[in-house]
Structure formats: structure tokens, C-alpha cells
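Student: As a plain string of letters, each chain reads:
2 protein chains.
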Amino acid sequence: MRLSKYFLPTLKDDPKEAEIISHRFMLRAGMIRQESAGIYSWLPLGLRVLRKIENIVREEQNRTGAVELLMPTIQSADIWRKSGRYDDYGKEMLRITDRHDREMLYGPTNEEMITDIFKAGTQSYKDLPINLYHIQWKFRDEVRPRFGIMRGREFLMKDAYSFDLNQEDAQHSYNKMFVAYLRTYARMGLKAIPMRADTGPIGGENSHEFLILADTGESEVFFDKDLYDMDWTNFEIDYDNKGDVADVVKDFTAKYAATEEMHNEDDFKSSVEEGKRLSGRGIEVGHIFLFGTKYSEPLGAVVQDPDGKQVAVHSGSYGVGVSRLLGGIIESSHDENGIIWPKEVAPFDIGLLNLKTGDEATDAACQEMYKGLQDSGFDVLYDDKDDRAGAKFSRMDLIGLPWQVIIGPRGVKNGQAEIKNRKTGEREDVAFDKVAAYIAEKNAS
Amino acid sequence: MRLSKYFLPTLKDDPKEAEIISHRFMLRAGMIRQESAGIYSWLPLGLRVLRKIENIVREEQNRTGAVELLMPTIQSADIWRKSGRYDDYGKEMLRITDRHDREMLYGPTNEEMITDIFKAGTQSYKDLPINLYHIQWKFRDEVRPRFGIMRGREFLMKDAYSFDLNQEDAQHSYNKMFVAYLRTYARMGLKAIPMRADTGPIGGENSHEFLILADTGESEVFFDKDLYDMDWTNFEIDYDNKGDVADVVKDFTAKYAATEEMHNEDDFKSSVEEGKRLSGRGIEVGHIFLFGTKYSEPLGAVVQDPDGKQVAVHSGSYGVGVSRLLGGIIESSHDENGIIWPKEVAPFDIGLLNLKTGDEATDAACQEMYKGLQDSGFDVLYDDKDDRAGAKFSRMDLIGLPWQVIIGPRGVKNGQAEIKNRKTGEREDVAFDKVAAYIAEKNAS
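Order-wise, the sequence lines are chains A and B.
Heads up, the first sequence is in numbering that gives the first Met the number 0, so the first residue is 0 and it goes up one at a time.
Heads up, the second sequence is in numbering that gives the first Met the number 0, so the first residue is 0 and it goes up one at a time.
Next up, chain A with everything else stripped away, as it sits in the complex (with noise of 0.2 Å):
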């Protein structure tokens, strides 16, 4: 993409709004733009990231066997009124009337309704187990939106929803989700920490929130060294196979961490040796229950058991914020100058910088290289706008490409393009025709 027929409206200076880092850079890199009080547009370069995030929480969903489907924004009152839950929520829902006066909502989660589905397309035990997943906008009408998509009104989640014949079965699909949740995390380059959880208002027997460590989370967490120090990325799992999926759990639950709802300060003493205690503040970016017959029941969510006998399913709810986790992953990765794309979730691979451009030599080799770079496989966004050096370096350190590449009038005299590891800060000159093989090289390194 030339940057001169992109959209990316950046700020020099610092919107006084933003609080938290993420919500700062978010607005200065031109990713988003507040329409109303927790509610944002997704500019061009915002889009790109939550795209490929909501592709990886796809592509992990899918592994696991879950069947993606979309439930519509807007739901009918009367749903919520059979489980109970419409007062519940109180004023954190949206409520809407129509035309006609019917009582509808903008949903804030889906149980009811995908159990209603559920229970109209499956009638026995062997079409079980199943988990229905989709990726929609929500609304919560929060009291006090803040921290931008951190904490929006309208927000991108993913919910997955199991539906099982019995209890053991059930605690499967669960296993299987917090394994999946593990690997999504991975690959967007973070540790989310699995904690045991309150169930809140959704109900249920067992759940565990997962969160990330930034100094702007919500809440306060304390867990062991150890647990932090274990080998997050390596996931490879049969999920078919009961026991080495629950062994994954058992692994990445038996040591301590709790958020503070959760905590107990003599558990973690008694369990924990001093040296490896260790508190900080998390950002919640999953949140998984088990909660068993509590919808299927009212709902009347059942099956033919194989005796015959009509019984209720076992079910499980898991959530993914899917947009909320792109202000996660800023919070974890940025400095002083801006944002660190994980190579997995960058909107571009690359930014190409023509310090000069007009200059006829220096135009033809950006061109070149923006091919090359592009037929390599490398999405490339062409910095080609006609701007001082200082503002075009600023500019691409603050929207956080994984690498740049700058060709000015000298390096096309010496046929060098310098090449910047935004992460590192590293710079090496390298020959225009190396440059796609040596940027390769050290993404698979």
C-alpha cells in the first residue's frame, strides 16, 4: 500500500482524553477515532490488526472442532426473559424498542439464543458433542466508558459455546477451550495467565478469567514465578485426546495465581516460596465458564441419551476479546516512540521509507523494492508521501511495523538499503537484492 492513497490520520501531539498508552497510540497511529462515548470507528491501519487477531482467534477456534455461525446484533427481549437474566444485567444493557413497540436489546452476549438454536438442530446424544462459536459486535452500556476499546460500549468478541451429554464430557470441551485460548495468546506473542474465576452473573461451576500483565490493567494479580516462566508456546495437542488436553490444564493451573477478587494472601504464602511471589496488574482478555445444566434446563435444551431417556446438556461459555486485545497487546509491547507490532498481528510486515522522494533515482529504487518486497509475500506499506526524513521515521516508529526499510539518494549510490528492527533498534545496511531474503531469514529465526 503507497501511504499517499492510504487513510492513516496520525496526531503529533497527544490526545488529551487518552489515559492509558494504548488508547494514546491507538489515536496518534490513526488505527481508531471516537464516534460517541465508548464507541469508536476502526480506521484503515486499526482494522488491519484486529482482522488478523480475530483470524487467529478463528483459526484456534477451528482447530479445536468448533463451528463457526454469526448471531445477530439485536435480539428479542423475550429469550432473556425465559432464562431470568433480563433484569439481571440491569442498565449495562441496551435496551430498544422498535416500531411496534416490541422489546428488543442489543446483545452483550448470546447463551440464551444460541442455546435456542442449539436445541432446535440437535435432537440425540450422537450428534454431541458440539461447540458453535461466533465473532460479532457486542454492546455493554458501561456507566463510564474509558481507556478507548480497552473499556468501549460497542466491542468484538469472540464467544464459543459447548454443548455435552454429561459432566465429563462437558469438563472436555472446557479443556479443550483453555488449551485453545493458551496457543491463541501464544501466537499474538503474550502470556496470558489463567485464573481461577468468579462466575459472576453468567453462573456455573468452574471458570478462569486469563490475563495479561500491563501496568494500566484492572486488577490486581499475584501468581508464582514458575507459572510465568513456563513454556508458553508450545501447544502441539491432539485434541482428541482427553488426557493430554487435561494435562495441559492440570500443568498451567497447579501453580498459584489469582486475581484479587480471588486471592488469598495465606494460600499464596503457604504455596509459593517468598523469592517467587509475585504481584502486578492484569488485563483480562478471556474469560471461560463451566456452567453445566444452568441454561439447558429452563431453556429446555435437551437430547435422547442412549438409554432413550431425554436428558439436559452440559454446557460451557468462552469468551475472547477480540478487540479489547489489541489495546492489550499495545500495553505489552511499545516504547517511548510508539507501538511494537508481534510480527503475527502488524498490520504491515514492512514500511518502506523514500527519504526523497521527487528524486528521480531514489523513487525508481523505492519502486523496485516495494515489488520486490510484495512478490516476496511481504505486505509492505510505502512510505512515497512527500514529507522531511524526520517526520516519515517518526510516523513509522509510532504505527510499529516490525521492519523498516530506508533508501535515501546514498544508500542508492552504494545500491544499500538500511534496514531497522523496530523491536531491537537495530540497523544494518544490506544490498537492494538481499533485502526480502535477510528480512525472511531473521522473521524465521
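FYI, nobody ran anything at the bench for these hints, they're computed from the structure.
From a predicted model like this one, the values you see are computed outputs, not experimental measurements.
Just so it is clear, CB atoms sit at the ideal spot from N, CA and C, and this is done for glycine as well.
One should not assume that every hint holds.
[To be verified] As a list, the in silico DSSO-like pairs of lysine-lysine whose alpha-carbon atoms are at most 30 Å apart:
hint, chain 1, residue 1, chain 2, residue 2
1, B, Lys118, A, Lys384
2, B, Lys51, A, Lys370
3, A, Lys4, A, Lys342
4, B, Lys4, B, Lys391
5, A, Lys125, A, Lys241
6, B, Lys241, A, Lys4
7, A, Lys11, B, Lys308
8, A, Lys355, B, Lys308
9, B, Lys90, A, Lys81
10, B, Lys125, A, Lys370
[Unchecked claim] Only part of the chain B face toward chain A is listed, based on derived beta-carbon distances under 8 Å:
hint, residue
11, Leu2
12, Pro8
13, Leu46
14, Gly120
15, Ile129
Please build the complex by placing chain B on the supplied structure of chain A, with the hints as guidance.
Tutor: Structure of chain B alone, referenced to chain A:
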């Protein structure tokens, strides 16, 4: 995908509420489910088609240089008051009051918001032209929603918005979208006839609707047979070449074509010879508008022109009914047994039918075929369920995948699968190891 692990709640009988073919088949094929009047869940099979259509639309928008972003579903009433359209929209606009009693609405379209976004991010004529689009759920509170997703309330739309320095450039932006639409529909196997249209509440000076022919269309249309007989598949074009782009628009607007609102019987008779005067019913699947400074003036969207003067930009807006297209394709491509998907939008490329699930040799042959076809790059839905052959045949015809690969004990003996072309009904016995090549060759021809 194995059918036993999928979620495909097909119906044997015609649902009473479905008045038109696409609605009936989408419900029967387990593609959608009504949640409230005019509001649908997209079940897994339906969602796959929706995403394919969405991607074709996206690719053709990107090809013109349009840039994707994503605006939220919920908007503030304020910007609609500024443009004066808050009242124009009447009861079709879903109005919402949030917990702080602020007036909000579920966006039916985005002219106001995008103009604000453009304005905040663009200062100079040098940044033009720019065309920004998004593919987002919209809501129009239809008084009587019907025909399934063809006339629903919550629907998926692509809307693009162009901004140019002057009328001439704006006309080129309009022409590019015109050609992109022809390309988009052609890729889905559709001829969508452009017809001069009334501009309605969007306003403006120039407007075309794109309509596909179907008996259940909402509008009567009149057109010249010569127009319909043109080559609709050949639009390789350089979008930067104003003359070439204008020529395509000229070719496709030179012949008579009008909806009943714009139809003039005398003009029809004088410009089209008798044997070539055709009429029929049409479904609108796209609508484009060139409205000049109608929104930029009241909303203050100005840029600095080459002389240093502040001038209001010239704009257009361009809509494709993404979810509606799905119904339109079914209306124009089906038989009495079900849907016939054009291969570009089919939810899977191939349906693999195991005629004797549980028979060891047949299971093994099917499993090998399933793997082999996937390795050849095909998306396969493998019907491995323990149902009667007759039920499998009807289900596969109903969901309309382009190819069926049928394997039973007899075929296993001969080392042959029966291949059925869903569209033509042709059947052929093909050796197991030739199946992938056979289908690839037929698809390419």
C-alpha cells in the same frame, strides 16, 4: 468438514412462513434461522456463503484503490441532525436512548459519519482522491419485514464513499465503482443490469441501481435485449485510465434499461426495436449515487485547493447489499430440488457422500478420498452420517454444492466414484485417483 461434526439443521418440509424460493431453501438448507421479525442468525453453512460474497465484494473494492475501514453500528443522533436527515429517515431508523438518556441510533447508512472521518483526516487536495468503504451490519426497521434476508431488518451492506476535488474527478470515482460493481456481480455468476435510478433520500445528481432478474423481484424492469446479450464477464481494466473506465460505463448505459419508477414507454418504444423489448422482475443488489457537495457543505468537509482556497469536496456513495445478494443468487440459480451455487460462492466445493457408513471398505475409501480432495485444495463437506442413501442425495441436492462425489460398496469394488455435476445433473464414473483432476479440469473449463 465431516457432516457428523458440523451443524447443519436441514428441514424436510417447506416452512410455512417462507413465501419465496430463496427464503424457503435457506431455511430448509439450514443456512439461516429467524430470531425475530426480519432478524436472522447465519448458521454455519449460510455464513460460509456470506463470507465468500463479502470477500469478492472486498477484493473488487480494493482493486479500485478504495480503502477499507469499519464504522460502528451505533451512532450518535447529533451528526444526523447536522445533515438534517434525522427526521427524513422516519420510523425506518431504529432509535435508541442510552443509560444517560443520550439519543443514539443503529446506523442505516453512514454518509454523515464518514464525512466527519474524512474531514478530520484530510486537509489538502493532494490527499485526494480517496474512497473509503466498510462492510458492516446495518439496521432498517422495515414496517413489514419479509422474504427472509431479502428484506430483513438487520442486514450486511458494503458502503463506499468517494471524495474528490471537483465534479470531473468525482465522476471518475463514480465510474470506477460502476465498473467494480459489474466485475463483482459477474464473479458471482450474475448479470446485474445497471439502470438509471431515482436518488431518493440520499439525494444527488446521478444514480444507478443494479438489478438481477428473478420472478420474485420487487420491481418491474424494462430493458433492451441487446444489453442483456452483451459480454458481462470481460472487464479487465486500468482503473487509472479515465477514458477506458468511462467507455465501459458508456457501453453499459447506452441501451435502454429502467425500473418502473423511471420507465417511459414512449422512450422504450422509440429506442428499442419491438422484438428486443424485454421486461421482467428485478431484485436490486446495488445502488450508487453521485451527490456532489450535498453532505460536504453542511458538514464542512473542505480541502485546500491548488490555489490555496478552501473548497467543499465532491462526494458519492456506493452500496452493495451483501446479505441480500445471497438471496438474489439463490433466486436466480436453483431447481426444484434445491440451490445450485455458482462455484465462486459455494459454501464447499464438493460434497462427498458415503453411501454405506459403517462398512469398513467404504469408510476407508471415503476417508482416503476426503483427504485426497482436501490435499488438492478443495473444500469438502463429507457426509459420513449414518443416514439412508436417499436422505443423503436429497440433502446434498438441497444445499447445492457444485460437485457430488458418491462412493458406495459397488464403487469400492470397481475403484470408482460417481461424480455428479449439481447444475447439469450429469453423472460420470471416475477412477478414485482421477477424481480431483477431473473436477479441477471441469472447473477450469
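Student: Which hint numbers doesn't this structure obey?
Tutor: 11
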